[in-house]
Amino acid sequence: MARILPLLAKVVAVLAVYLVVQAMIMTGVVDDYILITMVTICVNIILAVSLNLITGFTGQFSLGHAGFMSIGAYTTGLLTMHYPTWWAFLLGLLAGGAIAAIIGFLVGLPTLRLRGDYLAIATLGMAEIIRVLFLNFPFTNGAAGLSGMPRFVNWTWLYVFTAGTVILISNFLRSMPGRNLIAVREDEIAASSIGVNAVRAKTLAFVVGAFFGGLAGGLYSSYFYFIKPDLFGFQKSIDILIIVVLGGLGSLTGSVIAAILLAVISSLLQPFPELRMVIYGLILVVVMVFRPQGLMGDRELTFSAMRRLLPHRWREARP
Amino acid sequence: MEEVLQQVINGLSQGSIYALIALGYTMVYGIIQLINFAHGDVYMIGAFVGYFSMTSFHMGFVEALITAMAVCTVLGVTIERIAYRPLRNSPRIAVLITAIGVSLILEYTMMYFFGASVRSYPPQSAFMSGSFNVHGVVIKNMQVVIIGISVTLMLILQYIVKRTKVGKAMRAVSQDAEAARLMGINVDTTISLTFALGSALAGAAGVLVGVYYNSINPLMGIMPGLKAFVAAVFGGIGLIPGALIGAYVIGLLETGVAALGYSLFRDGVVFAVLIIVLIVKPTGLLGKNTKEKV
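Chains A and B, in that order, give the protein sequences.
For the first sequence, the working numbering begins at 1 and goes up steadily by one.
For the second sequence, the working numbering begins at 320 and goes up steadily by one.
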């Protein structure tokens, strides 16, 4: 019973968020403009959570997440343009994730012997190469990109994939291979000496992270029905990294909160387009100067943590 | 043969500019292990200062170059003082994000005040825009000036780092900041000085690019900044000779690929070569592989 209740609470919370937003969409409280922001938030959550797995939990500094995203975006985009059916859409998401994962594996294996900043620049290079390839492939329409793919993403799909990603990754981190990743982050040599295969752990982090990065790209291309290589440049990778660091390296809930906060700030600054990026930059500097570990540090916002915030007598009343 | 030599000259000019930027990257990295993403934007500010010195204040090329270097020096030191020094003991990735924040502030402040449009430098003197012919290879005077100024500045830098007391302090801090402090070296001043030198070189690169390519805009620092960083990593980040080699290799590679008619693949080739080098030598061409002790 004691174990079932928190699980039940989580299920209820996840369902409640979905139903409330669904109701708001149906009653028209959430209009198209807000929905676009919400799509951006959800895609960014998936991207940030999957990058956090690589950079925050495994400690491998990656500057190339936009590359994985672009693979998913182009796979889903191309598939749904040629076969505009639901099946093609779902297949595109999975195939996009799978291709990104394979690239993550192929790129990861040789480059993972690099450390720190050398790895960062190698991943950055990989993403740039992917971008240059998409610029030059005969079937991707060059710099103009693809447009006019059918929109299959709605709130339901979006939420299923976003919540699914967060739940899967948080459960993965509590599994044996997931614990290995954290051990590698804490001390690679110590982890190896107690039998953790560090290379396998790092490659696994890249493969899983790349898969969900590709998935996010697929969702993005299907909602915005327009993609071009320049959308997935160095700047995009940096944007994702900013969410992860701002939320806190090694905190999934931190990534979720930061993705939401940054999107809200960004849309609040919409009326001042000239100063928007200046203020955004100022926020980054100020947050990092006063809170260098990010908003959440490496802690998670859990139900038990929230209960600790409640007044004492409430706490007693619950199991 | 002439064609090849021609491209080598072009590549050397391009490489010189990368080298000036890469030196700032690599020195800052060597001393505080920070990838200073705002460095490319200091270079952009240098280009703009040079532009306004020439148009609004009617300065000549040399005066504009010196003004830009001076302004960039002050800017670099200020950035370090305000944005990086409070984070001295924070995780490195936090400082990195701060650097990205500073970079955004510089780019979009310039865009707010001066607009996003491309500006072109005023026409240069007859000497600067002239050219001469050596056995069929056309060499622009400007290219000679660029390579000459870059090499001179690098020699001065090399002298400062290797032969002077402050240079010794810089090398000491980059080896072990704590031990350097115990030996009576003022670590903060030394770091400020590193930023000053690096930023001055970036400012010079900005003016040279403005004169050479004749077009500047507030976002011009992003790509050369990235390339210069790649150059620094290529040679072994933190090493001054490494940055030079990396910058010239990348400059030559880029002009070579473009001359063969694959300019669309240019950036891809640069990064592919970088990855291959890193796979073979994980700490760059000149980097030493240090074993990690438990």
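Treat the hints loosely; a few may be bogus.
What the hints assert, rightly or not - The following label-pair restraints were derived from C-beta to C-beta distances:
hint	chain 1	residue 1	chain 2	residue 2	range
1	A	Ser266	B	Phe376	36 to 44 Å
2	A	Ile194	B	Ile598	22 to 30 Å
3	A	Asp230	B	Ser439	21 to 29 Å
4	B	Leu583	A	Leu269	54 to 62 Å
5	B	Asp495	A	Phe272	45 to 53 Å
6	B	Met320	A	Ile265	54 to 62 Å
7	A	Ala143	B	Tyr532	19 to 27 Å
8	B	Val599	A	Leu282	38 to 46 Å
9	A	Val199	B	Gly434	45 to 53 Å
Unchecked claim - Residues from chain A shown here face chain B by an in silico Cβ test under 10 Å; the list is partial:
hint	residue
10	Leu119
11	Asn141
12	Ala143
13	Leu146
14	Val244
15	Leu246
16	Leu275
17	Ile283
Calculated from the structure, these hints are not laboratory results.
Keep in mind the model is a prediction, meaning the values are calculated, not measured.
Backbone N, C-alpha and C define an ideal beta-carbon position, used for all residues, glycine too.
Now the hints, each set against the structure:
The beta-carbon spacing between Ser266 (chain A) and Phe376 (chain B), approximately 39 Å, falls within the hinted interval of 36 to 44 Å. At about 28 Å, the beta-carbon gap between Ile194 (chain A) and Ile598 (chain B) stays in the expected band of 22 to 30 Å. Our hint of 21 to 29 Å for Asp230 (chain A) and Ser439 (chain B) holds, since their Cβ atoms are close to 24 Å apart. For the pair Leu583 (chain B) and Leu269 (chain A), the beta carbons lie near 35 Å from each other, so the given range of 54 to 62 Å is not met.
For the hinted restraint 45 to 53 Å between Asp495 (chain B) and Phe272 (chain A), the CB-CB distance of approximately 46 Å keeps it satisfied. A hinted range of 54 to 62 Å holds for the C-beta pair Met320 (chain B) and Ile265 (chain A), which are about 58 Å apart. Taking 19 to 27 Å as the suggested C-beta distance range, the pair Ala143 (chain A) and Tyr532 (chain B) conforms, at roughly 21 Å. Take Val599 (chain B) and Leu282 (chain A): their Cβ atoms lie about 42 Å apart, and the range 38 to 46 Å holds.
The hinted window of 45 to 53 Å between Val199 (chain A) and Gly434 (chain B) holds, with their beta carbons roughly 50 Å apart. The criterion of a C-beta within 10 Å of any C-beta in chain B is met by Leu119 (chain A), whose closest approach is roughly 9 Å, and the hint holds. The beta carbon of Asn141 (chain A) is not positioned within 10 Å of any beta carbon in chain B (closest approach about 14 Å), and the interface hint is therefore violated. About 9 Å separates the beta-carbon of Ala143 (chain A) from the nearest beta-carbon of chain B, less than 10 Å, and the hint is met.
Below 10 Å, beta-carbon pairs count as interface contacts, and Leu146 (chain A) has none with chain B, the closest being about 18 Å; its hint is therefore violated. Taken as an interface hint, Val244 (chain A) checks out: its beta carbon lies about 9 Å from the nearest beta carbon of chain B, inside 10 Å. At its closest, the beta carbon of Leu246 (chain A) sits 7 Å from a beta carbon of chain B; the interface hint therefore holds under the 10 Å criterion. Residue-level restraint check for Leu275 (chain A) holds (minimum Cβ-Cβ distance to chain B is 6 Å; threshold 10 Å).
For Ile283 (chain A), the suggested interface contact is upheld, since its CB lies about 8 Å from the closest CB of chain B, less than 10 Å.
When each numbered hint is compared with the structure, violations occur for hints 4, 11 and 13.
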